[in-house]
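**Student:** Sequence:
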Amino acid sequence: MIPFKDDNPTRIFPFVTIGLIVINALVFIYQMSSPKGYAETVFAYGAVPQYLLTFKNVQPIPPALTVFTSMFMHGGFLHIAGNMLYLWIFGNNIEDKLGHLRFLIFYILSGIIAAFSHAFTDPSSTIPMVGASGAVSGVLGAYILLFPHARIYTLIFFGFFVRVVALPAIFVIGLWIVIQFVNGALSKGLPGQGGVAWFAHIGGFVFGLLMIKIFLRTKKKYQY
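Numbered by this note's numbering, the letters in the sequence shown go through residues 3 to 226 in order.
Be a bit skeptical, because a hint or two may be false.
Said to hold, decoys possible - Taking lysine-lysine and the DSSO-like style, the derived pairs with C-alpha atoms no more than 27 Å apart in a straight line are:
hint	residue 1	residue 2
1	Lys-58	Lys-38
2	Lys-215	Lys-7
3	Lys-215	Lys-58
Unchecked claim - Beta-carbon label-pair distances, calculated as ranges:
hint	residue 1	residue 2	range
4	Leu-67	Phe-163	41 to 51 Å
5	Phe-163	Leu-103	36 to 46 Å
6	Pro-150	Thr-128	35 to 45 Å
7	Thr-128	Pro-11	41 to 51 Å
Note that these hints are calculated values from the structure, not bench results.
Yeah, the Cβ is synthetic: ideal placement off N, Cα and C, and Gly gets one too.
Generate coordinates for the entire structure from the input sequences, incorporating the hints supplied.
**Tutor:** Next comes the structure, spelled out in structure tokens:
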């Protein structure tokens, strides 16, 4: 099941959403072409749970800064393609509700919370975490609360056959977060496992779900 667009119109041009997609793409190109090599670049600027929590400074930049650099890096083409697709589908509507600057702050904070959510659930890990998934998860949390009945056009695969189905956001995103919780629970007890940072997704999603109304109230308070 792959969502590819929604029917939720916006009033403003999503400068920040597009800008974030462009920055992620440029950083990914840098990763793939870096003279240091892809793996070394990931280990240099990815967010490493153990270093984040112990402030161990063995990377070229302080561990606190890797929280920011890591959310613009990705582990491969499918990784960045999936994240940017979700950001494009859902990000413009949250940017429309919050405004450009407030959306950017919301996005970055979602990514920070996501990184530490992963770090606290695997504090001894020295495997770097990269990807916009945590920040995008915050966007999904906001979207499911604000637009639960928006129609999401989704590709459904039946063997060799593909069908486009319009499904409510609460189903598409709800199924997504259930998968994150299930896989997060299953991943516990498997020390040293790389792969997907499930609890980063969960942490970002919960932050977005809980904080979007606060961001909206703050926006109204200071509107003139």
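**Student:** Against each hint, give a clear statement of whether it holds in the structure.
**Tutor:** Quick rundown of the hints versus the structure:
Restraint check for Lys-58 and Lys-38: the C-alpha separation of about 22 Å stays at or below 27 Å, so the hint holds. Distance hint between Lys-215 and Lys-7 is fulfilled; the C-alpha atoms sit about 24 Å from each other, no more than 27 Å. Simply put, Lys-215 and Lys-58 have alpha-carbon atoms about 36 Å apart, too far for the 27 Å limit, and the pair is violated. Look at Leu-67 against Phe-163: about 47 Å separates their beta carbons, and that is inside 41 to 51 Å.
Between Phe-163 and Leu-103 the CB atoms are about 45 Å apart, so this pair conforms to the stated range of 36 to 46 Å. For Pro-150 and Thr-128, the hinted distance range of 35 to 45 Å is satisfied, since their beta carbons lie about 39 Å from each other. One distance hint, 41 to 51 Å for the beta-carbon pair Thr-128 and Pro-11, holds here, with the actual separation near 46 Å.
The structure fails to meet hint 3 from the earlier list, while all remaining hints are met.
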